[in-house]
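Trainee: Residue strings, one per chain:
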Amino acid sequence: MSTPVLELTDVSKCYGNFTAVNKINISIPQGSVYGFLGPNGAGKTTTIRMILDILRPDEGQIQVLGANSAMKVRDRIGYLPEEKGLYKKMKVWAIIAYFATLKGMSRRQAKDKAYTLLEKYGLHDFANASVESLSKGMGQKVQVLSSIAHDPELVILDEPFSGLDPVNQEVLEQLIRDLAANGQTVIFSTHVMQHAERLCERLLLITQGSKVFDGTVDEARAIIPRRIVLETRDDINPIRSLAGVLSVQEHPVDDDTRLPGTRQWELYVKEQTDPQLILQHCFESGVSLSRFDFTQASLHDVFVHLVGQDAREHNFR
Amino acid sequence: MRVTLLIAWREYMENVKTKGFWIGVLLVPIVFFLIFHVSSRLATATPTRYYLLIDQSGDYAAAVETAIRREHQRRVMQDFMRYLQENRRNADAVSFRAEPASQLNQLLDSYDNDEVAALDQWLSSGGLDYALTMAQPYLRDDAPDFSEPRPQFVAATLPPEVDPDADPQTVAGQLRPYLNGERRINVDGDSASLFALILIPEDVDQDIVRPATIQGLMTPDEGPRGVQYWAGNLTDTRLSGAIQNSINSAIRQQEYASQGIDIAAVRNVQRTRLPLSRLDPGKEAGEEAVSLADTFRQWAPMGFVYLIFISLMQSVQYLLSNTIEEKSNRIIEVLLASVTPGELMMGKLLGIGITGITTILAWIGSFFIFIRLYQTVETAMIVQVLDVLLSSDLIPYFVFYYLCCYALYAGIFLAIGSLCNTLKEAQSLMMPLMAVLVVPILTMSFIAQDPNGTLARVMSWIPLFTPFTMMNRAAAQPPMVDVVGTTIVLVLTTAAVLWLSGRVFRQGILRSGQPPRIIELWRMLRRSAS
Numbered sequence: 001m002s003t004p005v006l007e008l009t010d011v012s013k014c015y016g017n018f019t020a021v022n023k024i025n026i027s028i029p030q031g032s033v034y035g036f037l038g039p040n041g042a043g044k045t046t047t048i049r050m051i052l053d054i055l056r057p058d059e060g061q062i063q064v065l066g067a068n069s070a071m072k073v074r075d076r077i078g079y080l081p082e083e084k085g086l087y088k089k090m091k092v093w094a095i096i097a098y099f100a101t102l103k104g105m106s107r108r109q110a111k112d113k114a115y116t117l118l119e120k121y122g123l124h125d126f127a128n129a130s131v132e133s134l135s136k137g138m139g140q141k142v143q144v145l146s147s148i149a150h151d152p153e154l155v156i157l158d159e160p161f162s163g164l165d166p167v168n169q170e171v172l173e174q175l176i177r178d179l180a181a182n183g184q185t186v187i188f189s190t191h192v193m194q195h196a197e198r199l200c201e202r203l204l205l206i207t208q209g210s211k212v213f214d215g216t217v218d219e220a221r222a223i224i225p226r227r228i229v230l231e232t233r234d235d236i237n238p239i240r241s242l243a244g245v246l247s248v249q250e251h252p253v254d255d256d257t258r259l260p261g262t263r264q265w266e267l268y269v270k271e272q273t274d275p276q277l278i279l280q281h282c283f284e285s286g287v288s289l290s291r292f293d294f295t296q297a298s299l300h301d302v303f304v305h306l307v308g309q310d311a312r313e314h315n316f317r
Numbered sequence: 318m319r320v321t322l323l324i325a326w327r328e329y330m331e332n333v334k335t336k337g338f339w340i341g342v343l344l345v346p347i348v349f350f351l352i353f354h355v356s357s358r359l360a361t362a363t364p365t366r367y368y369l370l371i372d373q374s375g376d377y378a379a380a381v382e383t384a385i386r387r388e389h390q391r392r393v394m395q396d397f398m399r400y401l402q403e404n405r406r407n408a409d410a411v412s413f414r415a416e417p418a419s420q421l422n423q424l425l426d427s428y429d430n431d432e433v434a435a436l437d438q439w440l441s442s443g444g445l446d447y448a449l450t451m452a453q454p455y456l457r458d459d460a461p462d463f464s465e466p467r468p469q470f471v472a473a474t475l476p477p478e479v480d481p482d483a484d485p486q487t488v489a490g491q492l493r494p495y496l497n498g499e500r501r502i503n504v505d506g507d508s509a510s511l512f513a514l515i516l517i518p519e520d521v522d523q524d525i526v527r528p529a530t531i532q533g534l535m536t537p538d539e540g541p542r543g544v545q546y547w548a549g550n551l552t553d554t555r556l557s558g559a560i561q562n563s564i565n566s567a568i569r570q571q572e573y574a575s576q577g578i579d580i581a582a583v584r585n586v587q588r589t590r591l592p593l594s595r596l597d598p599g600k601e602a603g604e605e606a607v608s609l610a611d612t613f614r615q616w617a618p619m620g621f622v623y624l625i626f627i628s629l630m631q632s633v634q635y636l637l638s639n640t641i642e643e644k645s646n647r648i649i650e651v652l653l654a655s656v657t658p659g660e661l662m663m664g665k666l667l668g669i670g671i672t673g674i675t676t677i678l679a680w681i682g683s684f685f686i687f688i689r690l691y692q693t694v695e696t697a698m699i700v701q702v703l704d705v706l707l708s709s710d711l712i713p714y715f716v717f718y719y720l721c722c723y724a725l726y727a728g729i730f731l732a733i734g735s736l737c738n739t740l741k742e743a744q745s746l747m748m749p750l751m752a753v754l755v756v757p758i759l760t761m762s763f764i765a766q767d768p769n770g771t772l773a774r775v776m777s778w779i780p781l782f783t784p785f786t787m788m789n790r791a792a793a794q795p796p797m798v799d800v801v802g803t804t805i806v807l808v809l810t811t812a813a814v815l816w817l818s819g820r821v822f823r824q825g826i827l828r829s830g831q832p833p834r835i836i837e838l839w840r841m842l843r844r845s846a847s
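Just so you know, the sequences run in chain order P and A. Those letters in the first sequence? Residues 1 to 317, by the working numbering. Those letters in the second sequence? Residues 318 to 847, by the working numbering.
No lab work stands behind these hints: they were computed from the structure. Just so you know, even glycine gets a beta-carbon here, dropped at the ideal spot from N, CA and C. Misleading hints may appear alongside valid ones.
Chain A regions said to be covered by chain P (calculated; three or more residues, Cβ under 8 Å) [unchecked claim]:
(1) 653-664
(2) 779-790
Result set (DSS-like, lysine-lysine): computed pairs, CA atoms no more than 25 Å apart in a straight line [as the list claims (entries may be wrong)]:
(3) P/K91 - A/K336
(4) A/K741 - P/K89
(5) P/K111 - P/K91
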């Protein structure tokens, strides 16, 4: 593994008595797409602001691109904040070029790059429009482009997908893949697990300022047991006692098309359990099934499993 | 430094693209032009007033009519002199008085020295016709024709139903509908509204007030006394004033005659005068005479104080609105990932500072264009005065105090902007500062009159007032200790304010929610210091 692009060691930040970030350790290798997950108020934005040296940590060390402050390597970092905003009166190309010149590009280079990006991501017709004439989604795309126009080695996107329609979410996903293919490291925070699932090689999950998970997507999925959902009118006791079945929960059936007396069961099974065996047992025991679902745990499940309770309790900071 | 300049450039370019900037740039010259142009034209634009004069005594009508005619001739003469000065061949404001004496110059000279004598001369030599003939060879080829001002007061014809010899009350009663605007009066075939009725009762002489009969005033009120002036318009007093003066003048002439005093001798005595030479002890021997330019130079600093104030007010708007825009639009966070708060603040100060300077240069530029294109006697005088001004030491003072004042206040306003999310929030924080800023404007004329007095000296040492007060005192050679001392205090304070503002800015810029209270502000300053 190459030298980490970003390394946080025991980083903490408090606002008065409130601990926003509590001893977080992260190490992000170069060229990876890194997902930053957590419920509202978990400390994602504070952590990102500390990485960018907009806020100073109370404790701990941050190394960004080999420097101890992002300010020293600011021209090599691109940033899209959670709360998006642009100068309303500026022209679209000019605002992309302006942020690129602030990151060290020459005016000419910046202007050319702005037009190239607008062309590539379908906004060429709006290059000379003023920002205030754009829709919210388009404005957000422009802001994403202005954060990557200077070809940064490290791109940090705070909630980049919020407010985008599904089509533009796909465009943005492609953009992130393009960046990664280009060897650029991308860190993005999101609430939408599907994006993380599709894009990320590694994930960081934090809640209440503390890290609860750091690893690959597969490692995350392995945290919670596999699940089988079945629906039947028969007694499932023969299956309940099978080896490999960890626990069984009953859920109400809210589907009127089912026969009266149908009950839904959720079986948590061991990692190596073969669902075929369970199905076979059902036939052999005479349990007649109206539904049999075997699902791998999604990131959503992992998220809810790991932070669900906290997320409910600390929904608003 | 590079990013500071980039931020400054963006601020500048965005500001000069706003409507507000152009309104600011254009409004001042337009207002200046209107004041100049309209005020000089307003006098001629006053509507003609139609009056009725009924003199039952038969003693004063002639005097009143003469006085009104004479007043009209005075205005004709005045306008003609102006016309002459503006349209003369080689009409150079400096040289026209130095040309060899001609009849024309004589006329101009006597007009300058003694208007009454000039008017007598004007009337006796034949008035406008004579003056036009005489002036013709001296006028520029492209000179426009002289347009004679309209008479201000014109006598109307008495309506046939009114008996001028009836009891004054009856006459007034009959004319009331005309005076109230219910009916219109006939003037040479046209109808017009009657402005005033002057009714001189038959026994008006009984009401003459002499110093010896002053007690007569104390008699119980028995209705109107003396000349009756009926008019609905109470604000335009020119006609009533002219009538009062002419009648009193006629009465005095009668009195002189009755006491055997030579009227011509009295008139001459009344016009006797002794000139007063204003001399400045600070000037070289032989050059002490105080010219108009000197007087202007003394008052000019007030103009500069205004200029600083207006420009500062404009810059404050930009500082606040731009900072609040960046905060409320959340642009600030992207910026802070690219630049330090210090660079951001300095870029803003610089960009908006240059915007302010551009405005001032535009004003000065349009002022110069104005006085070149719009040549009148007054602008010719301004050119002279301006030459004096530009060669004086006021300009360096202005540049220095302008920059210091801007840096000092801009630092404070920028810090305020960084603490607020909306202009409304900013306004409540700005109130105390605006109250402070009003002080130099309120005291401006006192300081100009007594530039080295206690008030001026005390205010000079208060850094928030130093730029305004010292600028105001600049023409009065303030003591060296004041100049040097206040400059040091001002520069140090400005540096300290910018340093502190930088700290508030750094802390405030990412804040959301309500502006902080004083105690929170103090904590913020301490936190950023640690």
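Trainee: None of the hints should be skipped; say for each whether it holds.
Mentor: Here is how each hint holds up against the structure:
no. : hint           : verdict
1   : 653-664        : holds (count 5)
2   : 779-790        : violated (count 0)
3   : P/K91 - A/K336 : holds, 17 Å
4   : A/K741 - P/K89 : holds, 21 Å
5   : P/K111 - P/K91 : holds, 12 Å
Checked against the numbered hints given earlier, the structure breaks only hint 2 and satisfies all the rest.
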